[in-house]
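Order-wise, the sequence lines are chains E and V. For what it's worth, this note's numbering labels the leading residue of the first sequence as 1, then goes sequentially. For what it's worth, this note's numbering labels the leading residue of the second sequence as 1, then goes sequentially.
For the record, the hints were derived by calculation from the structure and aren't laboratory data. Think of the CB as a built atom: it goes at the ideal place given N, C-alpha and C, for glycine as much as any other residue. It is possible that some hints are incorrect.
Stated by the list, open to error - Partial chain V-side listing against chain E, Cβ under 7 Å, derived:
id: 1; residue: H103
id: 2; residue: F111
id: 3; residue: T117
id: 4; residue: V120
id: 5; residue: A124
id: 6; residue: V157
id: 7; residue: G177
id: 8; residue: A188
id: 9; residue: A189
id: 10; residue: S192
id: 11; residue: V207
id: 12; residue: K216
id: 13; residue: A217
id: 14; residue: S219
id: 15; residue: P223
id: 16; residue: G227
If you want the building blocks of each chain, they are given just below.
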Amino acid sequence: MNIIKFLDQFSNANLMAEKEDAVTSRREVFARFGSITKKLAMAGLPLGAAMLSSKKSFAQSSGNTPVQALQLALTLEYLEDEFYRLGLASGVIPAGTRDEKVFMQIGKHEAAHVEFLKAGLGADVVEKPTFDFTVGGAFDPFNESGMVDAATSYAQFMALSQAFEDTGVRAYKGQAANLIPAPDLLKAALQIHSVEARHASEVRRLRGLKGWIVGNSRGEGIPEAAQPIYNGEENVMQAGFDTSAAFGADAGTEAFDEPITGDTAVAIASLFIVQ
Amino acid sequence: MGIISKKKLLKNDLNKERRHFLKLGGASIAVTGLVLVGCGDDDMNNPGGGDDEVFDLGSGDVGVLNYAYALEQLEADFYTKVVNSFYAGATDDEKQVLTDLYHHEVIHRDFFKAAITAAVSDPAMVLPTLEFDYGTLDFNSRDAVLATAKALEDTGVAAYNGAGNMIENPDYLVIAGKIVSVEARHAAAIRSLINPDSTDFAGDDVVDANGLDVAKAPSEIVPVAKGFITTEFTANNL
Numbered sequence: 001m002n003i004i005k006f007l008d009q010f011s012n013a014n015l016m017a018e019k020e021d022a023v024t025s026r027r028e029v030f031a032r033f034g035s036i037t038k039k040l041a042m043a044g045l046p047l048g049a050a051m052l053s054s055k056k057s058f059a060q061s062s063g064n065t066p067v068q069a070l071q072l073a074l075t076l077e078y079l080e081d082e083f084y085r086l087g088l089a090s091g092v093i094p095a096g097t098r099d100e101k102v103f104m105q106i107g108k109h110e111a112a113h114v115e116f117l118k119a120g121l122g123a124d125v126v127e128k129p130t131f132d133f134t135v136g137g138a139f140d141p142f143n144e145s146g147m148v149d150a151a152t153s154y155a156q157f158m159a160l161s162q163a164f165e166d167t168g169v170r171a172y173k174g175q176a177a178n179l180i181p182a183p184d185l186l187k188a189a190l191q192i193h194s195v196e197a198r199h200a201s202e203v204r205r206l207r208g209l210k211g212w213i214v215g216n217s218r219g220e221g222i223p224e225a226a227q228p229i230y231n232g233e234e235n236v237m238q239a240g241f242d243t244s245a246a247f248g249a250d251a252g253t254e255a256f257d258e259p260i261t262g263d264t265a266v267a268i269a270s271l272f273i274v275q
Numbered sequence: 001m002g003i004i005s006k007k008k009l010l011k012n013d014l015n016k017e018r019r020h021f022l023k024l025g026g027a028s029i030a031v032t033g034l035v036l037v038g039c040g041d042d043d044m045n046n047p048g049g050g051d052d053e054v055f056d057l058g059s060g061d062v063g064v065l066n067y068a069y070a071l072e073q074l075e076a077d078f079y080t081k082v083v084n085s086f087y088a089g090a091t092d093d094e095k096q097v098l099t100d101l102y103h104h105e106v107i108h109r110d111f112f113k114a115a116i117t118a119a120v121s122d123p124a125m126v127l128p129t130l131e132f133d134y135g136t137l138d139f140n141s142r143d144a145v146l147a148t149a150k151a152l153e154d155t156g157v158a159a160y161n162g163a164g165n166m167i168e169n170p171d172y173l174v175i176a177g178k179i180v181s182v183e184a185r186h187a188a189a190i191r192s193l194i195n196p197d198s199t200d201f202a203g204d205d206v207v208d209a210n211g212l213d214v215a216k217a218p219s220e221i222v223p224v225a226k227g228f229i230t231t232e233f234t235a236n237n238l
């Protein structure tokens, strides 16, 4: 199978060409990346509270206590866990390949993270949301619609995997400071964080990219509307030190991964959550 | 700050005490030997006391930053040697990865030097430039270079994971977080160069049944790192 061909198909949005309303819906959905957080911030509402009001869910977890940090983490792990379960069951991952080994290993870790965080949260555990990895029909990573071929679905699956892993790395990093009051939890969160980074590196390499993030580049095959996942990664100033000075901005930005806030992580995850 | 200068004072006092004690003990070499055995390593290396004493990484955030700086110096030095003379038969992908790692680690090293220098009141609290000796390591051997790279990157990940909750300043914690995930990306890439068709990128040897990566305390990391570092230093206050 030719990975470049997959990526071209994906980036050309061939998958959606057949169905104009789905293209529109995808555009709408991704446009929300940019607007949800801002609007809610202006309205003074916690993002989750507005989106999911009554249930005890990740909605309430975008705060700054250790418990809220872990609730956000659990929500992201639920998302990854279900994504890989469905992907591995769907048949889109070529059987007997390196890729299958990789995604089985990643899926094993995400399942373990869910159990670990549930055990750690105890009574504070949040419910698993209902996910829609098609984002209202814009994607077909599990080849369920019958509208795209398996190769296209697999290219989407890999692109979403990269997006989830890179988002996970940024989200855990963004919660680290909130875990300072709970040193053991901070340590465990860091131990998960670096596993997500190992995953991200491998998935990116399977997609023909570098294992590290160059500037704020999302790489081929990920729609421009998903750019908020990578915005901010172009930062070259670290505590007053210019990381681009020695070898240029690419190397400087690669050398440091940037965090995202809880609200941004929730906004990204929300795209894949029905309720 | 003043942590180190206070310690220096303390140690100078101890050295004085020791000299007094040696005088009191008379000229017997045997007695002197016994006394020296009872002294700490740094005193052994620094019998005269004074300013040329063995550097201690320090305590608190400065200590952790110096600790990270020591590891980044090692990584930067190693990859500098690797890219200055690639092993025979290195593929384009391998050269690209190793060159990127060289860039990243040099940037990390220089970042820590700048950050620690800015954070301390006394430049003497910044870990000096270290010297390295790789012994019989064959830089022309793909297996040796990649195995060493893997060990260094996995060690870096474990070190940052183990030191994170020793950091008091949230800004430093976030910066350590920005670096450790890049080290983990490196570790996965090197592992996948060594054994591509496998789960080694996040293998069961480094990720446990809870899905957690390795975390190690400075007391576990420093002795290993010192296998390559010839400059004496101590980590007595971490």
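Hints, one by one, checked against the model:
1. H103: Nearest chain E Cβ about 4 Å off; hint holds.
2. F111: holds, 5 Å
3. T117: Cβ of V/T117 sits 10 Å from chain E, so the hint is violated.
4. V120: V/V120 check fails; min Cβ-Cβ to chain E is 13 Å, beyond 7 Å.
5. A124: violated, 21 Å
6. V157: holds, 5 Å
7. G177: holds, 4 Å
8. A188: holds, 4 Å
9. A189: holds, 4 Å
10. S192: holds, 6 Å
11. V207: Holds, because the Cβ-Cβ distance from V/V207 to chain E comes to roughly 5 Å (cut-off 7 Å).
12. K216: Since chain E brings no Cβ nearer than about 11 Å to V/K216, farther than 7 Å, the hint is violated.
13. A217: violated, 11 Å
14. S219: violated, 15 Å
15. P223: Status violated, d = 21 Å.
16. G227: violated, 23 Å
When held up to the earlier numbered hints, the structure conflicts with 3, 4, 5, 12, 13, 14, 15, 16 and fits the remainder.
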